[in-house]
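Dock chain B against the given chain A, drawing on the hints supplied.
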Amino acid sequence: MSLVAFREALVGAGLLVPTAERGVFARSGVFEGVVVAFERAIQEMDSPSSAEQLHFPPVFARADYCCLNHAHHFPDLMGSVHTFTGGGPEHAALVRQLEAGEDWSRGLAASGVMLVPAACYPLYPTARGTLPPEGRTVDIAGWVFRREPSDDPHRMQAFRQRERVRLGTAEQALSFRDAGVERYAGLLRALGLPVEKVVANDPFFGRGGRLAAATQREQELKFELVVPFGERVVAVASANYHLDTFGVAFGIRSASGASAHTACHGFGLERVALALFWHHGLDPAAWPERVRGVLGFEA
Amino acid sequence: MILDEVRALVVQHGRLMVGAAAIAPETDLYEVGLTSLATVHLMLALEEHFGVEFPDRMLGRRTFESVRAITEAIDALRA
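First to last, the sequence lines map onto chains A and B. Every number in the numbering used here is 132 more than the matching position in the first sequence, counting from 1. Every number in the numbering used here is 868 more than the matching position in the second sequence, counting from 1.
Quick caveat, the hints were computed from the structure, so don't treat them as lab data. Worth double-checking, as some hints may not be accurate.
[As the list claims (entries may be wrong)] Quick list of the computed label-pair ranges, beta carbon to beta carbon:
1. A:Q351 / B:P893: 19 to 25 Å
2. A:P281 / B:E873: 39 to 45 Å
3. B:E873 / A:D310: 40 to 46 Å
4. A:L186 / B:G901: 29 to 35 Å
5. B:L945 / A:Q351: 23 to 29 Å
6. A:E430 / B:G901: 52 to 58 Å
7. B:A944 / A:E350: 18 to 24 Å
8. B:D896 / A:G146: 56 to 62 Å
Because the structure is a prediction, the values reported are computed rather than measured. Quick reminder that beta carbons are idealized off the backbone N, C-alpha and C, glycines included.
One chain only, chain B, in its complex shape:
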């Protein structure tokens, strides 16, 4: 399931202050320590893993604010 794949990538690249168990789909990733630089790494990892490219209109904090938001963005790009 995409949600779990996204969560795994978030844990791997997000350099968060909490572990995977503490990240619900709606958890605000910025609240748990997602920095600007980590967001960049995460975006590049998501693009490689899912074979997508985030267009400029999606390059903003909201796109990456939660596992759910990222999953919806990936879904939209793959639709």
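In isolation and in its complexed conformation, chain A is listed as follows:
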């Protein structure tokens, strides 16, 4: 089945409800039930856990966004929140333009917030200062936005990531990342997904981005767990070592006073659900008992 046919099957089964914008879907209760069950399975795998939990909204401060180099590397993916701040005349002009089908967005102005491009990004600005000797481990789940309209159901513009982030020394960050990617692979295999770990790169923009991508691969900073969808493979999780990029950008220091190193690993929750629907069928009630057991579905 092609990915477009898969999208049509998902929509036909009512699991995803398309909207006027490509890559923006409503999810059905069944789809959400799979996401919730998978998150519970992650928690169970991680239990007992001493990780902190932080819940961020899907927007974060523009001032913090500007420290992330995201605009340098991924300008094509960003989402900036613009709002109306004019008076009566400006409002009349905006309504006139809107009703005439003209571009009415010029009357809007940049607000103080940007859409979150990766679930862990809002964490780093809140972590300024010196870490405890054992570092910090933080669980984060949240909505992210990436402007890449597509008919490919895997390439949603708004989706959820569930991440665990480590802040500490280089050794703490690296060993965390490498252990995490193996645990994640184990969970996905327990769900009957034929997962493979591969070296990967982020989709850096432009000619300079080709160098950034090659550098990232050479240093093996990013791994992805990929699952086959027919002849294609799709990443459903990634594990990243950021060196001291965020430590330097936000003044996060390890107990020794050096800039902190960070790492994260995370699942794309919709992609995991889609992998389960592809490999086990569109009706979770008919999934293999073993898979249903891992997800905590009633026997």
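Frame of chain A, contents of chain B only:
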């Protein structure tokens, strides 16, 4: 001399932790703080200054690891 021009561009765009005096032709630029993003800026500045374009096969850490390595790459591209 190309080596000096390269060194000047490295200092200007590399955001290094050391000054020009501490950068010998063989100094490992990553050891003195050349980040991935700074490497991108440096590459674009080198291309503009020397009127060259680094092909994909040269887009890697080794090409930019020292003033000497960069100079040799520019020489090869201009040959």
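### Query
Does the hinted range 39 to 45 Å hold for P281 of chain A and E873 of chain B at CB?
holds, 44 Å
### Query
If you check the beta carbons of E430 of chain A and G901 of chain B, does the distance land in 52 to 58 Å?
Roughly 57 Å apart at Cβ, these two residues keep to the hinted range, so it holds.
### Query
Measuring from beta carbon to beta carbon, are L945 of chain B and Q351 of chain A in 23 to 29 Å?
holds, 24 Å
### Task
Please test the hint of 29 to 35 Å on the beta carbon pair from L186 of chain A and G901 of chain B.
Holds: the Cβ-Cβ distance is about 31 Å, inside 29 to 35 Å.
### Query
Taking the beta carbons of Q351 of chain A and P893 of chain B, is their distance inside 19 to 25 Å?
holds, 24 Å
### Query
Taking 18 to 24 Å as the hint, is the beta-carbon distance of A944 of chain B and E350 of chain A inside that range?
Roughly 20 Å apart at Cβ, these two residues keep to the hinted range, so it holds.
### Task
For E873 of chain B and D310 of chain A, compare the CB-CB distance with the range 40 to 46 Å and indicate the outcome.
holds, 42 Å
### Query
Holds or violated: 56 to 62 Å for the Cβ distance of D896 of chain B and G146 of chain A?
With a Cβ separation near 58 Å, D896 of chain B and G146 of chain A satisfy 56 to 62 Å, so the hint holds.
The structure fails none of the hints (numbered hints given earlier).
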